[in-house]
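Student: One line per chain: the protein sequences are P and D, in this order. The numbering used here applies: residue 1039 is where the first sequence begins, and numbers increase by one. The numbering used here applies: residue 361 is where the second sequence begins, and numbers increase by one.
For the record, the hints were derived by calculation from the structure and aren't laboratory data. Incorrect hints may appear among the rest.
[Unchecked claim] For the chain P half of the interface with chain D, some residues (derived, Cβ under 8 Å), not all of them:
hint, residue
1, G1065
2, L1068
3, L1075
[What the hints assert, rightly or not] Straight-line alpha carbon distances no greater than 30 Å define the calculated BS3-like cross-link-like pairs of lysine-lysine that follow:
hint, chain 1, residue 1, chain 2, residue 2
4, D, K874, D, K797
5, P, K1350, D, K494
6, D, K392, D, K874
7, P, K1225, P, K1289
8, P, K1225, D, K532
9, D, K665, D, K882
Beta carbons: idealized from backbone N, C-alpha and C, even for Gly.
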Amino acid sequence: MAANTVEGPVAHHFNNMGQQLATVRFGMWLFLVTEVLFFGGAFCAYTAYRVWYPRDFEAGSAALNVGIASVNTFLLLTSSLTITLAIRSAYVGNRNGLMRNLLFTIALATAFLGLKAREYQIDYEEGLMPGSYTTMKPEAAKRDAELRDALQPLVPMLDAAVSEQEAIAFVPGKYPRVVRDPLAFYKFERLEHLFQKVSGRLNHAPDGFNENVVLALEEVHYKGERTDRIAPSEVAAEVDAIRALKVIPSKAELEAEAKKKHDKGEFNPSRVQLFFMFYYSMTGLHVLHMIVGLGLLTWQLIFARMGFFDHKSRYVYIEVMSLYWHFVDMAWMFLLPLLYLCGPHTSGQAVEQFQMAIGLTHSGH
Amino acid sequence: MADILLEPARLDYTPQMLPEPEVSFAAHPEHKHYLNHEYGLLSWLLTVDHKRIGLMYLVSVSIFFMFGGIAAGLVRTNLITPTGAILELDQYNKAFTAHGTIMLFLFLIPVIPGVLGNFLVPMMIGAKDMAFPKLNLASYYVWVSGALFFVWQLMVGGLDTGWTLYPPYSSKYSHTNVLYAGLGIFITGFSSILTALNIIATVHKMRCPGMTWGRLPLFVWAMYATSVIQLLGTPVLAVTVVMLAVERLAGVGIFDPNLGGDPILFQHMFWFYSHPAVYIMILPGMGVINEVLTCFARKNIFGYKAVAWSSVGIAVVGFLVWGHHMFLAGQGYYLAMVFALLTMLVAVPSAIKVFNWTATLYGGSITFQAPMLFALGFIILFTIGGVTGLFLGTLGTDIHLHDTYFVIAHFHYTMVGGMMFAWQAGLHFWWPKMTGKMYSDFWSRLAAIVMLVGFALTFLPQFAVGYLGMPRRYPNYPPEFQIYNVLSTAAAYVQGIGYIMPIFYLGASLFFGKSAGNNPFKATGLEWQTSSPPSPHNFESTPEVYFGPYEYAVADGLKIVPLNDGKVRDIKHEDPDLVSSHEPAKEATHGS
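If we strip away everything but chain P, and leave its shape as in the complex, we get (with noise of 0.2 Å):
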C-alpha cells in the first residue's frame, strides 16, 4: 500500500506515518467484528422465531411497505459510492470534490431517514405496532369486555388453587417440601394455562390488532375460519372440563389434542407481533447506526472544509468511515430480504401455485 510514503502529521505515540494508518484502519476493522456480532445475535434470535413461526413471519411480512424499502435500498446504495468517491477525492488532495462527495452522502442518508420515518408514520397509522399499544376497534373492544366476564369465575378458583397448593407445599417453620397431589397440580396448571391465555389476548392481542395482518393471513394461507380466538362460551367449556377432570390425561391423550390443534393451523397473532418486535428493534438498530454515520460524516464535512483533510495522509480517516457505512449498507442488505421479501407479496393462489410448483408444502409449526 502507497500508505508508507505518504507524509503528514504523525500522532505522539505512533513511530511513523504507516503505523498510524495501518492502525487506524485495523481499528474499524475490529469494531465492524464486534457490530457483525451485535446484529448477528438479533439474527440468530429473528431465524430461531422465523423458522418455528414461517406463517405468522410471512404474514407480518406482507403487511410491511416493500416501495419505500425499495427505493430506501436504492438510496443507501448510492451513498456506498459516493462516500467511496470521497475516499478518491480526499486521497488525490481533492477539498473541493470531497465536500461534494460527502455532501452527497449526508444528503442521501437523510433522504434514507426521512423516508423511514415516514415509513414508520404509515405503520404506526396501520396498526402495525407490537405489544399493547395497538388501536382498538369498537368490535375488539367489545369482545374483549365479554372475555373478561367469562374470566370472572376463574379468578377465585385460581386463587383457591393457589392457596391450597401453598398450603400444602410450604408448611411453616419448616423446609419446604414438593408434596402435591398430581391431579390437583394438573388442574391447577391448566387453569392457569388458561388464564395466561386469556388475559394474554386481552393485554397483548386484541382483535384490532392490524387488519392487514390478518387479512393477508386469510387471504394466503387460511381459506377457513381462524381458530385463535377465544369465545367466551369456550372458556366456560374449557373451566367445567378442568373441573370435571377426574384423572390425568394420558401422554397419548394429550399429544393427540395437541396434534389436533396442530392440524388445525392454529394462528397466533402474537407470533405475528413477535415479527413486528424484530422488525422495529432491527430497524431501530439500523436507524441508530445511520444517525451516529451521518453525525459523523457532518462532523468530516465541517472538518475538510476547515482544511483537515489537505494532508493527504488524512484520507484514511475518510476511509474508515466508509468502512463504516459500508457495513451499514451490508446491514441493510441483510434486513430487506428477511423483513421485508420474505412475506407473499402477490395474490394467495399464486403463491401457492409457486409453492406447489417447487414442493413446498405448508405443514405449520
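Based on the hints, put chain D in the right spot on chain P.
Tutor: Then chain D, alone, in the frame of chain P:
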C-alpha cells in the same frame, strides 16, 4: 516440539538466586514521571495517558469491590441462622443480586484489563501508549456512566432477579429495577468492547522493533485472548439485553411462551456471552501468574508456546460450551451431551497451563514474597475450582449438583480463588512500578496468608453443604446445615479482613514507603527496564528487543541466549561476531 527436544542448549534452566531488592531512601527530585509531570484534577480527568487511566480504573474498581464485598457480607451474615438472621426475604434477594452484578460487571470483568491491561500492555510491548489513547479515556468514562446506572439502581431499591436476569422473572414478574440494571450492563459492556479493541490494535500494531509474537510476555498473550472474547461476546449480551428491555417495555413475548416466545432462547444468548465472560475474568489472571511465577522462581516459563496457545485455545473453546449452564433448563438431550463433551475439552488448555506452571516451579530458586504467595495460592485454588468444574460439566453429576452450593463453591474457587488472588499477585507485583514505592514485606505476606486461609475455609464447607443438597439463592435451609454455614460465614469475615489489609499497607507505602528502585524484583520484562514510576512516554527512546521475555536463567547484563532466533547477543552492546555463531544445528535433525 521437535526442535525443543533436539536443541537442549537453548533451554538453560539453571536457576539464579534472586538478588536483594535495591531499595534506596534517596529521592530523585529531578525525575519527571507520569505522576508528577503535570498536576491538577483536570490533568487526571482529561488525561490520555494509559498509565493514569489504569490508575483511575484502579480507584473506581476498588470502590465497587468494596460495595460488592459489603453485599456478600450481608448475604453470609444472613445465612448464619436457618431462617435468616438479618434480612427480609426480598432484601436477601436484592443483596445476593447486588453482590453478583457488582462483582461481575464492575469488578471481575474490568479489573485486570482496565488496571493492569491498560498500565502494562503498552509498556510490555515497548509502545508509548495504547493505539487509541482518546478511545481509551472514552471507554473509562463509558464504564463509569454504566457503573452509575448500577449505583442508581441500588439507590432506588435494588434488583432481585439474580445477576443472570432470567425471564420470565426479569421480564414479567420482577417489580425491581431491571431496566436500569440492563442499561448498566449494556453501557459497561460497550466500555469493555472498546478496551478490548484498543488492546488488540495495540498488540498488533504498536510492538517495538524486535518484539515478535514469540517474544510477547505471556500476560500480553492472555490479554489478547481476553480481548478477542470481549470483542466477540459482549455485543451478543448487549443485543440480548435490548430484547429483554423491549419485552419488558412493550409487552411483546419474545421470551414469553404464552405469546410464542421462548425463555430458553434468552438463556442461550445470555450464556453465549456469559460463559466466555468467565474466561474474560480468569484469563488475564492466568497471564499475571506467568509473570509472577517466572520472576520468583528465577526460571524461564516451561513451554512458552503451549502456555501462549492455551490462552487462545481457551478463548476459542470457551465459546462452544455455554450449554452446560442449561443441562436442566430444557435443552435437548443430545445438545446437552455435545456440550458436556466440549466442556471436557475446555479443561485441556487450563490443565496445560497448570502443568506448565508447576513445571516452571520445579527446580526453581523460589522466594516467597507476597506476589509469589498469591500466585501459589492461585495455582492451588484454581486447580480445586477447575477440577470441581468437571463434576458440574458431567451430565450425570450435574443433575445432583445443579444450582446447589457446590456450584457456588466451584465458581468462587475459580473467580475469587483464581482471579482475586491473581489480581492481588499482579497488584503487589507491579505496585512498585506504578508508584515507585515498596510496601511492607511483612504485612503483605500476612495479608496473603489471611486471605488464603479465610478463602479456603469460606468455600470448602460450601462444597460439602452443596453436595448434601442445599440449593443456592435460598435464604432458608434445614437446621442440620447450620454448622457449615456458620463456619463459612466466620471464615468470610477473616477473608474480609484480608481484603481490607492491603488498603492500609499499600496506602501507607505511598507516604512512608521506601523508594523501590526501577526493578526491585529483578524481573526481565520490558516494563522493568524503564524508570519507576515510568516517564510519561514510558521509555526514553523506543526500545529494541533481542530476546524472549523470561530470560532469568542468565545473570543480568551478561550474554543472553535468545530463545527464538538462536542468535547470541549481548544485552548492552551488541557483538556482531557472536550473532551467527550459535545457529542451531538443523542438519542433524534431518532423517530422525
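Student: All hints, please: hold or fail.
Tutor: Consistency of the hints with the structure:
1. G1065: Since chain D brings a Cβ to about 5 Å from P/G1065, closer than 8 Å, the hint holds.
2. L1068: With a minimum Cβ separation of about 5 Å from chain D (threshold 8 Å), the hint on P/L1068 holds.
3. L1075: With Cβ-Cβ at 4 Å, under 8 Å, it holds.
4. D/K874 x D/K797: holds, 6 Å
5. P/K1350 x D/K494: Holds. P/K1350 to D/K494 sits at ~22 Å (cutoff 30 Å).
6. D/K392 x D/K874: holds, 18 Å
7. P/K1225 x P/K1289: Status holds; Cα separation ~15 Å.
8. P/K1225 x D/K532: OK: P/K1225 and D/K532 at ~23 Å, within 30 Å.
9. D/K665 x D/K882: Roughly 24 Å between the alpha carbons, so the hint for D/K665 and D/K882 holds.
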